[in-house]
Amino acid sequence: MNNPKVKILIIDDHPLFREGVKRILAFEEEFVVVAEGRTKSEISYLVEKYRPDIVLMDIDLTDEDSMVAIKNISETYPGVQMVILSFYEDERRVMRAFEIGAVGYLLKEMATDELVNAIRSVYQEGGYIHPKVTLNLIQKYRSLMKQKQALETQVKEAERLKNSKQTLTSREYEVLQLIASGCSNKTLGNELCISEKTVKNHVSAILRKMSVSDRTAAVVESIRLGWISV
Numbered sequence: 003m004n005n006p007k008v009k010i011l012i013i014d015d016h017p018l019f020r021e022g023v024k025r026i027l028a029f030e031e032e033f034v035v036v037a038e039g040r041t042k043s044e045i046s047y048l049v050e051k052y053r054p055d056i057v058l059m060d061i062d063l064t065d066e067d068s069m070v071a072i073k074n075i076s077e078t079y080p081g082v083q084m085v086i087l088s089f090y091e092d093e094r095r096v097m098r099a100f101e102i103g104a105v106g107y108l109l110k111e112m113a114t115d116e117l118v119n120a121i122r123s124v125y126q127e128g129g130y131i132h133p134k135v136t137l138n139l140i141q142k143y144r145s146l147m148k149q150k151q152a153l154e155t156q157v158k159e160a161e162r163l164k165n166s167k168q169t170l171t172s173r174e175y176e177v178l179q180l181i182a183s184g185c186s187n188k189t190l191g192n193e194l195c196i197s198e199k200t201v202k203n204h205v206s207a208i209l210r211k212m213s214v215s216d217r218t219a220a221v222v223e224s225i226r227l228g229w230i231s232v
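Numbers in our numbering are just positions in the sequence shown, counted from 1, shifted up by 2.
Keep in mind the hints are simulated off the structure, nothing from the lab. The structure displayed is predicted, hence computed values, not measured ones. Wrong hints could be hidden among the right ones.
Stated by the list, open to error - Simulated restraints on C-beta separations: (1) Glu-154 x Glu-116: 36 to 42 Å; (2) Leu-18 x Glu-93: 25 to 31 Å; (3) Glu-159 x Lys-73: 23 to 29 Å; (4) Glu-111 x Asp-216: 55 to 61 Å; (5) Gly-128 x Gln-156: 15 to 21 Å; (6) Gly-129 x Asp-65: 46 to 52 Å; (7) Asp-62 x Gly-128: 21 to 27 Å.
Stated by the list, open to error - Derived DSS-like pairs: lysine-lysine, alpha-carbon spacing no greater than 27 Å straight-line: (8) Lys-73 x Lys-158; (9) Lys-7 x Lys-24; (10) Lys-110 x Lys-148; (11) Lys-211 x Lys-188; (12) Lys-24 x Lys-134; (13) Lys-9 x Lys-73; (14) Lys-73 x Lys-134; (15) Lys-110 x Lys-142; (16) Lys-7 x Lys-51; (17) Lys-211 x Lys-199; (18) Lys-188 x Lys-199; (19) Lys-42 x Lys-110; (20) Lys-42 x Lys-7; (21) Lys-24 x Lys-51; (22) Lys-158 x Lys-134; (23) Lys-9 x Lys-24; (24) Lys-188 x Lys-142; (25) Lys-110 x Lys-7.
Beta carbons: idealized from backbone N, C-alpha and C, even for Gly.
Could you put the whole structure together from the sequences, leaning on the hints where they help?
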């Protein structure tokens, strides 16, 4: 007994392209194109009438009405596998396609055998993404991860410096403000009525707590964080 053929609905506003896909699939015994349409407005009717296994379509993924139409079909007919066939490979469109229920994203630049194998993978394995699209998604993911790591580093550094400020004594904070005003150790000591040795001890404690190497770095970091103003 022969296995039932995989029923395919093609939606594309270019007649020549639809005809080309039909001719390609006609050479494959397991596939049959049951219907074709031009616009999103025809999809619901054709899906209801022909109950295809796969809808192969090129729609405007920036058009909200198209998004709603496809999402409704995905929810109403969960057994229908929605596959986008597009010229575009940017990750924004790809992610929108999967958000509305698509299980495949193919590119129109695909060779004949690639198209056939991709449709076969969708039916047998539940999904397919063109390799170029996959690469774009990987690169985007890596970029986002780098941004995330950089942000986490900034947050940790800000938290560390915030804690540093909290651990400064009131006297050390006074010293830091006077350093920012350009006071030397001698002037600073006279201002606070303490010895130069005590001033040096306070400065060393400030540098250690702020994890900086010198007075200038301490002042720059304090200004950047808004601890002091000059």
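Hints, one by one, checked against the model:
1. Glu-154 x Glu-116: 36 to 42 Å: holds, 40 Å
2. Leu-18 x Glu-93: 25 to 31 Å: holds, 29 Å
3. Glu-159 x Lys-73: 23 to 29 Å: With Cβ atoms ~43 Å apart, the hint is violated.
4. Glu-111 x Asp-216: 55 to 61 Å: holds, 58 Å
5. Gly-128 x Gln-156: 15 to 21 Å: violated, 40 Å
6. Gly-129 x Asp-65: 46 to 52 Å: Given range 46 to 52 Å: violated, Cβ gap about 23 Å.
7. Asp-62 x Gly-128: 21 to 27 Å: Since the Cβ atoms of Asp-62 and Gly-128 sit about 25 Å apart, the hinted range of 21 to 27 Å holds.
8. Lys-73 x Lys-158: Since the Cα atoms of Lys-73 and Lys-158 sit roughly 41 Å apart, the hinted pair is violated (cutoff 27 Å).
9. Lys-7 x Lys-24: OK: Lys-7 and Lys-24 at ~14 Å, within 27 Å.
10. Lys-110 x Lys-148: Given pair Lys-110, Lys-148 is violated - Cα atoms ~32 Å apart, limit 27 Å.
11. Lys-211 x Lys-188: holds, 22 Å
12. Lys-24 x Lys-134: Holds - the C-alpha atoms of Lys-134 and Lys-24 are around 24 Å apart, at most 27 Å.
13. Lys-9 x Lys-73: holds, 20 Å
14. Lys-73 x Lys-134: holds, 25 Å
15. Lys-110 x Lys-142: Judged against 27 Å, a Cα distance of about 22 Å means the pair holds.
16. Lys-7 x Lys-51: holds, 17 Å
17. Lys-211 x Lys-199: OK: Lys-211 and Lys-199 at ~18 Å, within 27 Å.
18. Lys-188 x Lys-199: holds, 10 Å
19. Lys-42 x Lys-110: Answer holds: Lys-42 to Lys-110 is near 18 Å, not above 27 Å.
20. Lys-42 x Lys-7: Cα-Cα ~25 Å, so holds.
21. Lys-24 x Lys-51: OK: Lys-24 and Lys-51 at ~19 Å, within 27 Å.
22. Lys-158 x Lys-134: violated, 36 Å
23. Lys-9 x Lys-24: holds, 12 Å
24. Lys-188 x Lys-142: Outside the cut-off at roughly 56 Å; violated.
25. Lys-110 x Lys-7: Measuring from Cα to Cα gives roughly 24 Å; hence the hint holds.
In this structure, the earlier hints numbered 3, 5, 6, 8, 10, 22 and 24 are contradicted, and the remaining ones agree with it.
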